[in-house]
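One letter stands for each residue in the lines below.
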Amino acid sequence: MRDTPRRIAVVGAGMAAARFAARLLALTPPGGAEVTLYGAEPCGPYNRALLVGALRGRPAPGELGLPAGGATVRTGTEVVAVDVAARTLRTARGLTAAYDALVLATGAEPVVPALRGPLPRAGVHLLRTLADRGRLADAARDARTVLVVGGGALGVGVARALARPGVEVHLALGASGLMGRHLDAGGAAAVRRALEGAGVTVHAGPVVRLLGDARVAGAELADGGRLDVRLAVLACGVRPRVALARQAGLSVASGVVVDDGLAASAPGVHAIGDCAEHRGVVHGRAEAAWDQADVLAARLSGADPDALCAASAPYLRLSVGELEVAAFGESAGEGTGAVMLSDARGGTYRRLVLRGEAVVGAVLVGDVGAVGDVGRVVEWGEGVEGDAVRLLWGG
Amino acid sequence: MARTPHLLLVGHGMVGQHFLQTLTRRGGAHRITVLAEEPRPAYDRVHLTSLFSGTTERELSLWEEEFGRQHGIDLRLGDPATAIDREARTVTTRSGAVAGYDTLVLATGSRPFVPPVEGRDTPGCFVYRTVEDVMAVRARARHATAGVVVGGGLLGLEAAGALHAMGLATHVVEFAPRLMAAQVDDGGGSALRRRVEQLGVVVHTGVAARGVEAGEDGTVHRVTLTDGTVIDCGLVVFSAGVRPRDDLARACGLPVGERGGVVVDKGCRTADPAVYAIGECALTSDGKVHGLVAPGYSMAEAAAGRITEESGEFTGSYPAASLKLLGVDVAGFGDAHATGDDALEVTYADSRADVYKKLLLTPDGRLLGGVLVGDTSAYDVLRPLAAAGAPLTSPPEALLFPGGDASGAPSGPAGLPDEALICSCHHVTKATICAAVSEQGCTDVRAVKRCTHAGTGCGSCTGLLTKLVESTLSRSGVAVATGLCEHFPQTRPELYEIVRTHGVTTFSRLIDEHGNGGDGCEVCKPTVASILASLNPRLGNSVHILDGEQAALQDTNDHFLANLQRNGSYSVVPRIPAGEITPEGLITIGEIARDFGLYTKITGGQRIDMFGATVDQLPHIWRRLVDAGFESGHAYGKALRTVKSCVGTDWCRFGVQDSVALAIELELRYRGLRSPHKIKAAVSGCARECAEARGKDFGVIATSAGWNLYVGGNGGMTPRHADLLIADADHDTLVRTIDRFLMFYIGTADRLERTAPWIERMEGGLDHLRSVIVDDALGICADLDALMARHVDTYEDEWRATLEDPERLRRFASFVNAPGTPDPTVRFVTERGQIRPAPVLLPVPEPAVAR
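Protein chains in written order, with this note's numbering: chain A, 1 to 395; chain B, 1 to 851.
In isolation and in its complexed conformation, chain A is listed as follows (with noise of 0.2 Å):
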């Protein structure tokens, strides 16, 4: 039997740091293993992905907290450069501190534009953490115009969290459209009827210049169109968080590069959530995060050494207001055929994408009453024969 480590530091403290925390130690007899969790933000972990609906106030942002499962958690305490040989960490506070096992989950930052010019100094905003939350909730209750730079899941999200009569919502795009990377052009449609519907105004985009200098003072866009706007909010993505891998002499991809294990370049050093990249991918999206955490959690607590992750199939799934979207699998994709059911009267589309007969893909938009369904059939990829239009009803 392979020893299991004793102390193990987890750097960062988002979702998979919690969820990996909260798993070893429930897996661990007590005393058995220390896990302390090295955050940079102020407070501990919370649920990030459901900052857009905390805009709205639904969820309230108190309500985000998740447990640790009893972890230490340093709040404030960034790791500024990890010796893997040595396998010791310092902090920014300049403490020292050893380790048995190393997790990485720096989790991403967001992705600043390259624009022309200096972005003004005051009225723009990022949405990826609590206190960015809470600076732009405070923005824009008294922001009569808002520019939302970005047409991703993050971008639509916030531009139907913040709009609301009496506020002008403009939505301008980047250059995959609207949601392209989880959309094909129907269920982009029925996402973009939907903002419009709410009141959002959707631009070809991409927004080329902030305009202003102490203060946002409008946006000018590619075509030399300009938004009359004091408030914008950038949602251009998000990359790994890689600079203390990096430094540390890991190998680094687009993300801290693990294996089936999730086991980074080093001894002792692992990787989880938006900074790994497993099997060419980052995931970057929670339920993978999770999906690392627990298989981690397993081989390191010793109740399945030989844990592997599995690859796993791209979902999205974005619900703010009464704007509702799903997107399983291979859901931009054309398949070898797709079945598709749209109805503009309740704004619904629904789509499945086939190979054969297996579904590999799925959108859902505005009804999403068969998340679940369709969710499970694209996993297990199983065949819909001629029940396509009974699946997609939900019925």
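It should be emphasised that the hints constitute simulated quantities derived from the structure, not laboratory data.
Where hints are given, some of them may not hold.
Claimed, not checked - Examples of chain B residues lying across from chain A (beta carbon under 8 Å, computed): (1) Leu344; (2) Glu345; (3) Tyr348; (4) Arg352; (5) Thr462.
All C-beta atoms, glycine included, are put in the ideal place defined by N, C-alpha and C.
Dock chain B against the given chain A, drawing on the hints supplied.
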């Protein structure tokens, strides 16, 4: 004394003929003259393309000589009107004849629009409008390998279907960005395009034909398109729309529209009160020229109404069409292109099956229109819903999937609102039809048709009408009338009794004296043909089913005494009684199959089927079969097929009786016996039942004491074991009981009713049957015996008799107009050393087509 007013009709197309029928039905007291341009009377132009799939010109004709005689109509063919003198009230014709009129009706139709393409007059360029056009295209196609159709609309695709069916590499050139731009939207257009392309037809959209080039022989050689594409081809069909033929009206000073069409009012009257215009040449009060047949019929009725009683109006028609083009079902109705906030789309698309369905609704849930491609089963219900403009009562997605809908919501006619228009030709609503049933006492479709005129126009609503009448009847608790069809209120058994007891020997007498007159239909004609064939020996008629009037009553199989197969070829099955055949017989069949290149297969009835014969080959094949002693196997007929047998006592160690000898005797006894449906039989030599006799209409199983007779067995979709009728019978009792069983069945079964459902339906069931044919409870056995004796005495082999008679033989020319020319649409490929039909889809237009 009042002179009979003279009505002059210019143009004898579908609308013109409908006008004549309506006018004469309304009893207008006119002397009628018709000036027709074409060399033949009115015919069904909508189904022109069916000439390629075996329909004859005669079958397309809408004109009956008797109709003309009865109403004294002077029909002048091939002599079109060339000028109208409204002052003198005369019309001059091409031959120089001058005809006066009191009332003039213009039904000149439209002419094909040929776009200004360079070289469009090159020999090998055609339009597609008349029988002559079709003949010319067909003649040219024999010498061409590729053809181009200019125009991707309804007519263009139909022409493309014809070229494709003749084996030409077919191109469709459409200027609009999609096929059938007027009827479908982009989504429907692309589904249609994929389907058409799967057939091998090449589709060019968003381009026009730039020029037609002639080859060295001066005829069409290639076509160039505006995008530079060059297509080598031997013929071009221009099918890019039509233009109203208003020249006559224009020349005599009648107002015509800016874009053509004789201006008429709601009564279809032109600016001159003595002149009417109807059909595609008229610009009606809604500001439109209507190109479909249904509004044309409505105009004909409006004009006839005005002329006879000053009533009748045409105020517009609801745009709707459902048809099958190149094997693809396509339907459009209402405003299929509505956009904006006032129209909400509900769309279903399945790219695997290339099915596309779209409904357009108003925000308050009224149906505006829709497009259906690949599956038009919802059309029947959707069209009247959209035309009524009433709010939907069931969710639209349920309407898109009739029958198979996932929501379980009601669909079908019951779900239609009262104001839904069922018959668009005669503007009959659901409420009117329901009232005809519930208030005016109509108890069948025929009565409803007579009462409301619904379904008597283009006929496309008959299916929906029937469903509606039946559902209304059953809701009101009225027993659904069981008449054979709209022409006969009697059931088949009643008709059989009439024929038998009154000695009626012809269909025309039967329908005149016992039906409601008229020409009959696809239900009553073959049914009466079968009754006559069963009773011919008793009636003293010729027993040959192709003699006299009987020939026209038969369906396609009986018509050619062979079985029509999927690619338009026929199969030939000689009788091999009980499956016993000599080596010489086998060799003969083998040689014939080899010499004519036929596919051979042993059938389930212990005989040999030869597939792939063309119509013109049939007599030659049969000449050799008859010479070798074979007879018709009646595989094509509703008649005795085979009496199957096991090997029997001669060879089998288990056999207790000679099953082969009995089977041969029975098969020869009942061969050629016409019946309500096919009859299959078998004889097993012992209880092991190797001949599967209990799956037959009648089956005989040997016992040590004689024979057991089982009746009412069936294979097929609803299998049923035959029931024991009599046990341990001796030979004579057995045969006599079968005689009576068959004759009682023929006399009392419904059309297309096998013995199994016949017995199940019978009050008292098997016991009643036994009391009738064994105990003679009804006292009819002597008559049944006599009928069978006459049949046995007068039997003759249909094929031998056909070969002996040149008149009968004449029908076996492949094309009536071109004897000796094999049907070019019949094609084969080779598989496993034999031929099989080439995968060519014949265009089969539906009767529901409206144009």
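Hints not upheld, ascending by number: Of the numbered hints, just 5 does not hold.
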